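*Asks:* Sequences are here, hints too, so could you generate the full structure?
Here the protein sequences line up with chains A and B, keeping their order.
Position 139 of the first sequence, counted from 1, bears residue number 138 in numbering that gives the first Met the number 0, the numbering being contiguous throughout.
Position 164 of the second sequence, counted from 1, bears residue number 163 in numbering that gives the first Met the number 0, the numbering being contiguous throughout.
In case anyone wonders, no lab produced these hints; they're calculated from the structure.
It is possible that some hints are incorrect.
[Unchecked claim] So, partial list: chain B residues that the calculated Cβ filter (under 10 Å) puts toward chain A:
| no. | residue |
| --- | --- |
| 1 | 115 |
| 2 | 223 |
| 3 | 226 |
| 4 | 232 |
| 5 | 259 |
| 6 | 276 |
| 7 | 280 |
| 8 | 285 |
| 9 | 328 |
| 10 | 339 |
[Said to hold, decoys possible] In the DMTMM-like style, the derived pairs of lysine to aspartate or glutamate whose C-alpha atoms are separated by at most 25 Å in a straight line are:
| no. | chain 1 | residue 1 | chain 2 | residue 2 |
| --- | --- | --- | --- | --- |
| 11 | A | 323 | B | 359 |
| 12 | A | 91 | B | 344 |
| 13 | A | 589 | B | 131 |
| 14 | B | 221 | A | 207 |
| 15 | B | 127 | B | 259 |
| 16 | A | 489 | B | 295 |
| 17 | A | 40 | A | 140 |
| 18 | A | 556 | B | 107 |
| 19 | A | 406 | A | 453 |
| 20 | B | 332 | A | 606 |
| 21 | A | 91 | B | 265 |
| 22 | A | 206 | A | 314 |
| 23 | B | 221 | A | 453 |
| 24 | A | 293 | B | 218 |
| 25 | B | 347 | B | 335 |
| 26 | A | 179 | A | 435 |
| 27 | A | 293 | B | 131 |
| 28 | A | 91 | A | 126 |
| 29 | A | 335 | B | 218 |
| 30 | A | 335 | A | 357 |
| 31 | A | 489 | B | 265 |
| 32 | A | 206 | B | 80 |
| 33 | B | 355 | B | 344 |
| 34 | B | 332 | A | 92 |
| 35 | A | 611 | B | 74 |
| 36 | A | 335 | B | 41 |
| 37 | A | 500 | A | 482 |
| 38 | A | 617 | B | 295 |
| 39 | A | 3 | A | 151 |
| 40 | A | 91 | A | 105 |
Quantities reported herein were computed from a predicted structural model and do not represent experimental measurements.
Note that CB positions come from ideal geometry on N, CA and C, so glycine has one too.
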Amino acid sequence: MNTKIATKSDLDRVRGEARKARTAKPVEITVCSGTGCLAAKSGGLAAEFDRVVALHDLQHRVEVRRTGCFGFCERGPVVVIHPHNVCYLQVKEADVEEIIARTIVEGETVTRLLYVDDKGRSIRALEDIPFYAKQSRVLLDANTKIDPTSLDDYIAQGGYGALARVLTSMKPEEVVDLVKKSGLRGRGGGGFPTGRKWESTRNAAEKEKYVVVNADEGDPGAYMDRSLLEGNPHSILEGLIIGGYAIGAHQGYIYVRQEYPLAVTNAQLAIDSAREAGLLGKNILGTGFDFDVKVHRGAGAFVSGESTALMRAIEGFVGAPRPKYVHTSEFGLWNKPTTLNNVETWANVPLLVNLGLDQYRAVGTQGSKGTKIFSLVGKVCNTGLVEVPMGMTLREIVYDIGGGIPKGKQLKAVQTGGPSGGFLPASKLDLPVDFDALTEAGSMMGSGGLIVMDEDTCIVDTTRYYVNFLAHESCGQCVPCREGLRQLSKILDNIVAGHGKAGDIEMMEDLCELLEGASLCALGQTAPNPVRSALAHFRAEFDAHILEHRCPSLVCKSLHHYAIDKDRCPGCMLCVSACPTEAISGVRKKPVVLDQAKCIKCGNCMDVCPPKVNAVLKLPGSPKPATQQPVVTT
Amino acid sequence: MVSFVQNLGSSADVVVIDDEASIREGCRQALESEGYRALLADNGIDGLEMVKQVRPRVVLLDLRMPGISGVEVLDRLPGIDPRIIPIVITGYGSVDTAVNSMRRGAFDFISKPFDVDALLNTVGRAMKRYEETVEPQPLAPKAPARPATEPDAILKGLEAVGEFYQAGTQGSLSETLCALESEATYHARKLGRIHEKKKAVGELIEDVHLVDRVVERHDFRKNALIQIMLDLQSEKRWLPRHMLMWLSRRLNIPVARIYEVAHFYEAFSLEPQGAHTVQVCLGTACHVRRGPQLADSISSVLGVKPGGTDDKLQFTLKQVHCLGCCALAPVIKVDETYYGNPSLDDLKAIFASCEKKEQER
Chain A
0 MNTKIATKSD LDRVRGEARK ARTAKPVEIT VCSGTGCLAA KSGGLAAEFD
50 RVVALHDLQH RVEVRRTGCF GFCERGPVVV IHPHNVCYLQ VKEADVEEII
100 ARTIVEGETV TRLLYVDDKG RSIRALEDIP FYAKQSRVLL DANTKIDPTS
150 LDDYIAQGGY GALARVLTSM KPEEVVDLVK KSGLRGRGGG GFPTGRKWES
200 TRNAAEKEKY VVVNADEGDP GAYMDRSLLE GNPHSILEGL IIGGYAIGAH
250 QGYIYVRQEY PLAVTNAQLA IDSAREAGLL GKNILGTGFD FDVKVHRGAG
300 AFVSGESTAL MRAIEGFVGA PRPKYVHTSE FGLWNKPTTL NNVETWANVP
350 LLVNLGLDQY RAVGTQGSKG TKIFSLVGKV CNTGLVEVPM GMTLREIVYD
400 IGGGIPKGKQ LKAVQTGGPS GGFLPASKLD LPVDFDALTE AGSMMGSGGL
450 IVMDEDTCIV DTTRYYVNFL AHESCGQCVP CREGLRQLSK ILDNIVAGHG
500 KAGDIEMMED LCELLEGASL CALGQTAPNP VRSALAHFRA EFDAHILEHR
550 CPSLVCKSLH HYAIDKDRCP GCMLCVSACP TEAISGVRKK PVVLDQAKCI
600 KCGNCMDVCP PKVNAVLKLP GSPKPATQQP VVTT
Chain B
0 MVSFVQNLGS SADVVVIDDE ASIREGCRQA LESEGYRALL ADNGIDGLEM
50 VKQVRPRVVL LDLRMPGISG VEVLDRLPGI DPRIIPIVIT GYGSVDTAVN
100 SMRRGAFDFI SKPFDVDALL NTVGRAMKRY EETVEPQPLA PKAPARPATE
150 PDAILKGLEA VGEFYQAGTQ GSLSETLCAL ESEATYHARK LGRIHEKKKA
200 VGELIEDVHL VDRVVERHDF RKNALIQIML DLQSEKRWLP RHMLMWLSRR
250 LNIPVARIYE VAHFYEAFSL EPQGAHTVQV CLGTACHVRR GPQLADSISS
300 VLGVKPGGTD DKLQFTLKQV HCLGCCALAP VIKVDETYYG NPSLDDLKAI
350 FASCEKKEQE R
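*Replies:* Structure, rendered in structure tokens:
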């Protein structure tokens, strides 16, 4: 960007130029460069496209664009070619030559890289793939079209139009009113009405105010905020500036965890380029409104994502929460009125301004408006980020979009809301997903993690996982949370180790009551959710662990063991080389022998044993000494 | 007025503006007893003029005076020099007036009649505040244009210890240098691989300069503590004790608070890290896709417990909450590369290539 955008007409002019520049080359290859695809080596892939395009002397005709996350991480790296509108999945560097030669030069399709549906049909266009067909991607759409490091790309998509409209034609009160009427609720977990938050900050007496983006996404297994901030940082920035104007703040912060290096970089780049263009700083778009933004990196603590804790962390202190009755909308960052919203909430703001009240409210349920991004992970065929209208059922999300459970297994539970959420059993699959329905069912929306578990998942073990996570992340300043979680975790450790005893469940229920009633912040207050929902829906699994010392899913290490079926083992030695502890030994063409004392139950042997042989057995209980056999030598 | 003219051209730490002569004189005696240089003015106009001339660090200001009021003086002070710390003297003992003046930028207030200790205590704190906002300047190795601070002196001493070892001089070290030397010994022991104290001292000096560079990048701001520590962590890969102690001196933050931050957040390591970091994701998606079993395998292949580092400082094994690429679950990250569901052979190949790279280096 070399021109300053000092007025609204400057913005329109720049938008015209940017659009023209984008259409200058007739062909566009978009390569997903979100973290999921980068992990699947899309960085080298994009470089290879650059190289081959140059090799064939096509630079003047073909643009290679590195975009944000496409969401279909299961099949990454994703490549979409326009105007052919063809989507290639799991593309490797070796495929590049063929794609350029066949698709770009000859206009043909490389069929083997297309999506094949369950009926064996190849699907060309991205939007026709079942994973995408049922989604309504209003927030994530731009991710697939723009280079997140380019301000021009964002402006070409209509970016900063909402800001211009707000600054030139709306009073701050009108903006607050619009957000209030929209029914937008905080996407970070609690679902507090955003407009009310804004209003109370706006009405606070203190002159100096702040706005904060919470991108401290700590939920394990959730990466919605990361993908938005990485893939479309300007949309969050635009929302934040609008919020600053509405609330009366002149300084904003983006708090992003340092474990997301790409998000940190892209957020900082967006701020720098917006400032250089004049969209941040003094007198934005000639309207006299001043606003600037700083990035603050979080150093990795789940509890620091809590609003009061996050503000403490920005002040340079340990990010521990404080009592909530002192509202951050009046005494927040540096004791000044502060509005803190989640990444996705801020991204909704420009969308709301652009769509207008009626169109925005048309999507969603009575109490929850708009769309919600979920990170659909775990035992599901199509892992990825999905954006759906509020009110869609879990069944539609898991089966129609997610493609169901791999290997034809049965769904056991869906877990939403991260460590503070709850398990929903298969019987609740027809639950419409919105803030209120999930809370009523004993879980919560959370920031949008949606973890699918199949019959091979042990609910007791997973409950222990969540409780251990929370116990580890408790900041420790209030006793009920620190000690309550520690005791819960001890009990669950014992149960999983086969030392459960009668009365454990009652004790856990008591501890849950203590945690809920006496903890200082939401981390402790919501900690009972996983335990209670697990007990409510999967009591039988707990009983099996406690009373029979048996893990029905054969997951808990102390309650199962591996054995070799010597009648089936042909002595191929695959498992011998796959064992990390050399617990398996033997000679070729003779059944191998497993030394139980050395076995760490990693299951590698079972994975490598060919399915038609199937000689590794997973058995409940402890191994009987008699099953050990001496090595037979010839 | 007379005293003002007499004192023109001289410098002062504190300017006292009060219309009561006994208060002015009392302040002067108390301040001079502590070695501060004080100048006195009996009204706001003269006082402001004096402040313009001598640029004191602290202004003691009576609120009720003939002529322009203390509040007005208070408002004008930042225009002269924003670094000046105003302390208000209030005769009413009224909390409202005091609070009002604090809102207008006063650092603190003392109510008349006041005792000498309270006055000196408040002035002492104000001086400290002034130093925090103004003082610790970047350490310019070539042209130190500002007066040397305590950390500078220590750094000089440290460099002297380095030279001492470099030259192999015989003789005794002064007490301060002995302390530094023992810090170097501690560091050498901690690292294990640095057997020579000469090297340890060398590394100490390098680390201290690194802290200075990073602190300067963040303009010596105290509230940037976490950001500074993150930068140090990413450059040094761990936070040795001497770096944190140095940071404490530079930012004037107690070491205990720095350690509090270092212990609270996952990102900081207080132990030396291996040349390669192996991160095993144990997010929920990885957990249900057999992440824990993978973690066990890796632990036994490397012979390192989670959170630990091998003796040769080759590999550090970390279990992390979520790497955010759940489609590859269970996933590990070795340095900057991700691997989805690696087999035992994959793992062995990955670790072997790391070791090979290390040998080549």
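*Asks:* Are the hints correct? Go through all of them and say.
*Replies:* Going down the list of hints, with the structure as the test:
{"no.": "1", "hint": "115", "result": "violated (33 Å)"}
{"no.": "2", "hint": "223", "result": "holds (6 Å)"}
{"no.": "3", "hint": "226", "result": "holds (6 Å)"}
{"no.": "4", "hint": "232", "result": "holds (8 Å)"}
{"no.": "5", "hint": "259", "result": "holds (5 Å)"}
{"no.": "6", "hint": "276", "result": "violated (13 Å)"}
{"no.": "7", "hint": "280", "result": "holds (8 Å)"}
{"no.": "8", "hint": "285", "result": "holds (8 Å)"}
{"no.": "9", "hint": "328", "result": "holds (7 Å)"}
{"no.": "10", "hint": "339", "result": "holds (7 Å)"}
{"no.": "11", "hint": "A/323 x B/359", "result": "violated (56 Å)"}
{"no.": "12", "hint": "A/91 x B/344", "result": "holds (22 Å)"}
{"no.": "13", "hint": "A/589 x B/131", "result": "violated (76 Å)"}
{"no.": "14", "hint": "B/221 x A/207", "result": "holds (21 Å)"}
{"no.": "15", "hint": "B/127 x B/259", "result": "holds (23 Å)"}
{"no.": "16", "hint": "A/489 x B/295", "result": "holds (21 Å)"}
{"no.": "17", "hint": "A/40 x A/140", "result": "holds (23 Å)"}
{"no.": "18", "hint": "A/556 x B/107", "result": "violated (63 Å)"}
{"no.": "19", "hint": "A/406 x A/453", "result": "holds (10 Å)"}
{"no.": "20", "hint": "B/332 x A/606", "result": "holds (22 Å)"}
{"no.": "21", "hint": "A/91 x B/265", "result": "violated (35 Å)"}
{"no.": "22", "hint": "A/206 x A/314", "result": "holds (19 Å)"}
{"no.": "23", "hint": "B/221 x A/453", "result": "violated (49 Å)"}
{"no.": "24", "hint": "A/293 x B/218", "result": "holds (15 Å)"}
{"no.": "25", "hint": "B/347 x B/335", "result": "holds (17 Å)"}
{"no.": "26", "hint": "A/179 x A/435", "result": "holds (18 Å)"}
{"no.": "27", "hint": "A/293 x B/131", "result": "holds (22 Å)"}
{"no.": "28", "hint": "A/91 x A/126", "result": "holds (22 Å)"}
{"no.": "29", "hint": "A/335 x B/218", "result": "holds (23 Å)"}
{"no.": "30", "hint": "A/335 x A/357", "result": "violated (34 Å)"}
{"no.": "31", "hint": "A/489 x B/265", "result": "holds (22 Å)"}
{"no.": "32", "hint": "A/206 x B/80", "result": "holds (24 Å)"}
{"no.": "33", "hint": "B/355 x B/344", "result": "holds (16 Å)"}
{"no.": "34", "hint": "B/332 x A/92", "result": "holds (21 Å)"}
{"no.": "35", "hint": "A/611 x B/74", "result": "violated (87 Å)"}
{"no.": "36", "hint": "A/335 x B/41", "result": "violated (37 Å)"}
{"no.": "37", "hint": "A/500 x A/482", "result": "holds (20 Å)"}
{"no.": "38", "hint": "A/617 x B/295", "result": "holds (18 Å)"}
{"no.": "39", "hint": "A/3 x A/151", "result": "holds (12 Å)"}
{"no.": "40", "hint": "A/91 x A/105", "result": "holds (20 Å)"}
Going down the numbered hints, you'll see the structure goes against 1, 6, 11, 13, 18, 21, 23, 30, 35 and 36, while the others check out.
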